[in-house]
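S.K.: Start from chain A and add chain B according to the hints.
As they're listed, the protein sequences go chains A and B.
For the first sequence, the tail end lands on 298 under UniProt numbering, and the numbers increase by one without skipping.
For the second sequence, the tail end lands on 562 under UniProt numbering, and the numbers increase by one without skipping.
Hints are supplied without guarantee of correctness; some may be wrong.
Stated by the list, open to error - Under the rule of at most 35 Å between Cα atoms (straight-line distance), these lysine-lysine pairs were calculated in the DSBU-like manner: (1) K393(B) x K35(A); (2) K411(B) x K393(B); (3) K189(A) x K512(B).
To be verified - Output of the computed footprint for chain A on chain B, the stretches with three or more beta carbons under 8 Å from beta carbons of chain A: (4) 346-355; (5) 371-385; (6) 397-411.
Hints were generated in silico from the structure; no laboratory data involved.
Owing to the predicted nature of the structure, the values given are computational and were not obtained by experimental measurement.
All residues carry an ideal CB built from backbone N, CA and C; glycine is no exception.
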Amino acid sequence: MSTAATASGAAPAAPAAPVRRPGLLRTAWRFHRTKIGVLLAGAVLLVAVAGPFVSPFSPTEGAGMPNSASAAGTLFGTDDVGRDVFSRFLHGGYTLVTIAVASALAGVTAGAVLGIVAGYLRNWADELIMRTNDMLLAFPQLVLALLLLSILGPKVWLIVTIIAVSHANRVARVTREATLKVVEQDFVKSAEAIGVPRWRIMATEILPNITSPLLVELGLRITYSVGTIATLSFLGMGLQPPQADWGLMINEGRTAITIQPWAVVLPVTAVAVLTIGANLITDGLSRASIGIDRGVEK
Amino acid sequence: MTGSEANADTGADTGTGTGAAAGRGGTALRVEDLAVVGHPSEVEIISGVSLTLERGHILGLVGESGSGKTTLGLSLLAHCKRATEVSQGSIEVSGTALTGLGENEVRALRGRAVAYIPQSPASALNPALRLRTQLTEALHEWDEQERGPRADRVREVLREVALPDDDAFLGRYPHQLSGGQQQRVAIAMAFAGYPDVIVMDEPTTGLDVTTQAHVLQTIRSMTRDYGTAGVYISHDMAVVADLADDIAVMYKGEVVERGAASQVLAEPEHPYTRRLLRAVPLLRTEGHPEPEAPAEGPVLEVSGLQAGYGGTTVLRDIDLQVQRGECVALLGESGSGKTTLSRSVAGLHTQFSGGLVFDGEALAHSSYKRTAEQRRRVQYIFQNPYEALNPRKRVRDLILAPYRHLAGKPKDPDAVVARALERAALPASYAARYPEQLSGGERQRVSIARAISTGPDLLICDEITSALDVSVQAEIVELLRNLQDEGMALLFVTHNIALVSNIAQKVAVLNKGEIVEYGHVGEVMARPRHEYTRALIADTPDFELSLPPSDADLQAPEAAGQ
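So that you can see chain A by itself, here it is in the shape it has in the complex:
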């Protein structure tokens, strides 16, 4: 359409009025969903980070009778071996959130590099990367994780690596698609025509133009990581007892859920709220990046 709302076709001599359209983050902040998302995710992060400093008990010390919903001196009762549920809840988020963020960052970084290289070079490297990717994608993520963890033992670095690798595959596909759109544009050819090295084209011409989908991916991947880690812990392949961990707590508390529901409800709520919050943020970001509801600006 010829009426680009932003380019008003002003004469070149028009007075300079550099009003930059607000960036992705600021545009996203305008949506209510983003604000709610930040609030929800922020609350859970606060619990995870600040929790250990304010917990009334140590996460591993006994605080009363096991599986009591109203043990004296505890807020949410005790778990199956008599530890304070609230203290364990406050301690149990930190590792989960750290692992989730670390694996999401590593996965998105690796996936972005692979995707950009594959999408830009479009030669045998593309084939190699994407076909390897397809093979890994075909393998069920959780089964692979369980297999490796049962062989090598449940170690934190291994959990991070496994989750990061499974993210990288998926991020690489998205990044490659985003790259293909950018590569077709003339500013990339313009850099090629003057012989700018390929790596620098990828870093300075392509990468800045695909940050929006990458940010969206990052939010999404953090959510997925939380889910996977919680699942692994629940299955006994993640963090090991007696460490406090939300996934582990769900597993430990599920047998006594009818008489002491708090041991399950607290971590489940935290994981759910974090997931919903992260998804709302992601949604806001993606809406901002594709320009939904942008309206007409001066």
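M.R.: Just chain B now, kept in the frame of chain A:
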């Protein structure tokens, strides 16, 4: 014609004048004091627009991009883009008010009362549907009992736009048609329901001149035969002058001038109209200076070049020379191979054979295998200014990054940027801007500034004005001419023969991958030898410019092809 039963009062109206015929036809479209605002900034995109249009007449709606002509065109269909709405005024089509109607009523009116021909037929036709289905869809309000089977009407309207009407053709998909055929299908769809008003949004922009001439002919005869009022949106003054009965000029959301075409063209009142008219490149077939003998060897010499993609050869036996300070135009329609040739020279297309000599030294195929000095001296400017600048970089970095790469770290980067911007006729304050804060013409200037900052000897311009309005195009051409005077050689790729006749010293006419005519521009324009060149000149819409040219470089017009 079964159509004349339905539109008995208008079917016979094939009048061309403005007097008696218009009186019989009556008013088809009346717009009064229309304003459309955009949310959330409440900017008036168009304001205070009033128009009336008789049946059988075509109104040319001209203006630069961003002047609101598409917004106006869409509001005639009772359609507003996202986040915009009609805030005041009224639109009446044959006595029916469009403003304030519900969605279902509007839908019933579309195609019957108002129809639309979009800019790009390729994106307007559904690629997954056969032509039969799409054309039948256009007759959604068709009463079969009264007006006969839909299938008959589809065939009839196809014949009228000079397309085959057999089953084989109806069974085709849009991608199996050429661009011109696709546009004629879109025209057929629009005319199928005998609309009172038809809105055409630059329907020939993507077509080459020969196809454009056919499509315009079809539009003209269809509107007259049907008694349909046509609104033709365009920034191409030459086309509008050729086609329209009335002209309305839009500028910054307002209609600044309107009247009979002959009057607006002959005695434009508003300064903007005058500027628009002067900016149209006119086909010059005489008055070119005599060619001078080259003083030194050519900057660029192409000999026996063949190029292709995969197994297909798209260029054969190309011989071309560019002297210092000379502008050589590569003229050809889409698919003629002109971009492939320019990209081969720039080192972006590597699959070619033959001689490519730059200043006495052979050029490697890929830009990566050329010396830094060669890459510095050959610069390429891209067609689409909206894609050629990295949207995440400021103008300053856009200019400096290639400079650093080719000429090394400058002592005073700000001076480099300021000098490049100045040569591209942009204020130095633009260095802090991002591309999205610039208009199309300004973006193209930044592209030029980027290319000339390193002091190249050869500038390859690939259709660099085709995405721009005529008034902006004239400014860019002026800029290029100044650069050329400073000794830069230009390889100017275009499909616009009028532009060639105004800027180039030599022209190479490309047709189907071969140079069919090559020589000094005065020679080729005055005495075209090849049939293809003659056809190009004949099909180029042109008009008499009666107002005196303000600039010395605009020569008296030639009435070719009329």
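S.K.: Taking the hints in turn, state whether each one holds.
M.R.: These are the hints, each one checked on the structure:
At most 35 Å may separate the alpha-carbon atoms for a hinted pair to count; K393(B) and K35(A) meet this at roughly 29 Å. Taking the CA atoms of K411(B) and K393(B), the gap is near 21 Å; set against the 35 Å cutoff, the hint holds. A hinted pair counts as satisfied when its Cα atoms are at most 35 Å apart, and K189(A) with K512(B) qualifies at roughly 25 Å. Under a criterion of three residues with beta carbons nearer than 8 Å to beta carbons of chain A, the stated coverage of the segment 346-355 of chain B is upheld, 3 such residues being counted.
Only residues whose beta carbon comes within less than 8 Å of a beta carbon in chain A count, and the segment 371-385 of chain B has 8; three or more means the coverage holds. With 4 residues having a beta carbon nearer than 8 Å to a beta carbon of chain A, the segment 397-411 of chain B meets the requirement of three or more and the stated coverage holds.
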